[in-house]
Amino acid sequence: MHGKPKLSAETDSLHFIDIDIDRKESIPMLNDSRLVRPAAVAATLLLASSLVALPACSQTTSSTSSTDIASSSASTAEADSVTFTDDLGREVTVSNPQRVVACMGSFAGAWQLAGGTLVGASDDAFAHYGVDSSAVSGVGKSTALNLESILDLDPDFVIMTGISDGKHSTGVSQEDMESSLDEAGVPLAFFKVTTFADYERMMGIFCQITGRDDLYQKNVADVKSQIDEDIKTYSVADKAPTVLVVSAYSKGLVVQNSTGMTGAIVKDLGGVNIADENPSLLSDFSLEAAVEADPDYILVLAASDDEATAQKYYEDAVGSDSAWADMIAVKEGRVTMLDAAHFLYKPLDKWAESYEIVGQALSK
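Residue numbering for the sequence shown is -19 to 344, as defined by our numbering.
Think of the hints as simulated: they come from the structure by calculation, not from any bench.
Certain hints may be false.
Pair by pair, the computed Cβ-Cβ distance ranges are [claimed, not checked]:
1. 194 / 333: 20 to 26 Å
2. 177 / 257: 20 to 26 Å
3. 217 / 165: 48 to 54 Å
4. 75 / 344: 48 to 54 Å
5. 164 / 220: 20 to 26 Å
6. 306 / 126: 46 to 52 Å
7. 194 / 330: 14 to 20 Å
8. 260 / 303: 16 to 22 Å
9. 114 / 303: 48 to 54 Å
10. 127 / 68: 35 to 41 Å
Straight-line C-alpha distance at most 30 Å; calculated DSBU-like pairs for lysine-lysine [unchecked claim]:
11. 204 / 292
12. 330 / 247
13. 198 / 311
14. 172 / 212
15. 231 / 198
16. 172 / 121
17. 231 / 292
We put the CB at the ideal spot given by N, CA and C, even for glycine.
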């Protein structure tokens, strides 16, 4: 649910009514011709007293009504506001936002899955997450956002990525825009989404803001239930096979440990990621080191939307290396190319499908 490749931070983490109640109280008008007639003086005085007291009664009623209305409006405003802590530890309050800008494709897709509407999104939202470019304005690449374009949309909520920890070769840091948006008075939240648990947490906040519990059930809770079933079905914990997870790109292979999306899935299914056992592979990967580890399975992440191109990247990286060809995973056909839709980009409500694909790969 984006030398080294210039992957977007969107990609997997790789090392390298108001109801206006203006209610005017209607005071019944007394028919004097009906009340004033020949009578005792006491009755006349009583009537006069009643008529004098009537305006005061009316004022009291109006005052009470205004107080009730103010209290009701305050309660409504409070009910529409949601306060939460984002992934950078910032406290954020939003009030029924209708002009939302999402600065990562997956965040745009997730916001729509939560029932929200967008006025702006980063370019990858249109290419990979089905956001309608005829209804939503582009605000630049996720790695090169246009602040002016964002502010021109008069947003009431901006969603950005908090990932800027050096794992991405682009060095994306949307945090740099925080002060400018704060000065403009725009509510802003940062999220770090790599695993399903991250997506689950973010969607909990999104659906609370939109008030769509039904969509949380459909696009998160039901997905979680399917993931749990996939883990039961495809668990390899009893065998604990070793697994090498790599991304293939034009300049070579990059290893991923269990902190990445695919690595986390492997871990949940009971596989042992060799990069967890040999952290040096993350910064100093070589074919020789992989051959020495001789993993039971190799999962290759496509760093390209085109499967043929991704396959070529992999083949170019391993070449005709005889030692690589002699690895048990290669000899026994346990090398699997993973598609970009499920592993390069965040699968969102299709996350269970990603678990199933990896589960099937580890069942060979």
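Outcome of the hint check:
In this structure the supplied range 20 to 26 Å holds for residue 194 paired with residue 333, their Cβ-Cβ distance being about 22 Å. One distance hint, 20 to 26 Å for the beta-carbon pair residue 177 and residue 257, holds here, with the actual separation near 23 Å. Against the hinted window of 48 to 54 Å, the Cβ-Cβ separation of residue 217 and residue 165 comes to about 51 Å, which satisfies the hint. Separation of residue 75 from residue 344 is about 52 Å and conforms to the stated range, judged on CB atoms against 48 to 54 Å.
Separated by about 52 Å at the C-beta atoms, residue 164 and residue 220 break the suggested range of 20 to 26 Å. Separation of residue 306 from residue 126 is about 51 Å and conforms to the stated range, judged on CB atoms against 46 to 52 Å. The given range of 14 to 20 Å is respected by residue 194 and residue 330, whose C-beta atoms sit roughly 19 Å from each other. In this structure the supplied range 16 to 22 Å holds for residue 260 paired with residue 303, their Cβ-Cβ distance being about 18 Å.
Distance hint check: the CB atoms of residue 114 and residue 303 are about 53 Å apart, consistent with the given range 48 to 54 Å. The hint said 35 to 41 Å for the Cβ distance between residue 127 and residue 68, and at roughly 19 Å that hint is violated. Between residue 204 and residue 292 the alpha-carbon distance is near 34 Å, which puts this suggested pair outside the 30 Å criterion. Taken as a hint, the residue 330 and residue 247 pair is honoured in the structure, with Cα atoms around 19 Å apart against an allowance of 30 Å.
A hinted pair counts as satisfied when its Cα atoms are at most 30 Å apart, and residue 198 with residue 311 does not qualify at roughly 42 Å. For the hint linking residue 172 to residue 212, the alpha-carbon distance of about 27 Å falls within 30 Å, and the restraint holds. Only pairs whose Cα atoms come within 30 Å are accepted, and residue 231 paired with residue 198 is rejected, the gap being roughly 40 Å. Annotation: proposed proximity of residue 172 to residue 121 holds, straight-line Cα distance about 17 Å (limit 30 Å).
Distance hint between residue 231 and residue 292 is fulfilled; the C-alpha atoms sit about 11 Å from each other, no more than 30 Å.
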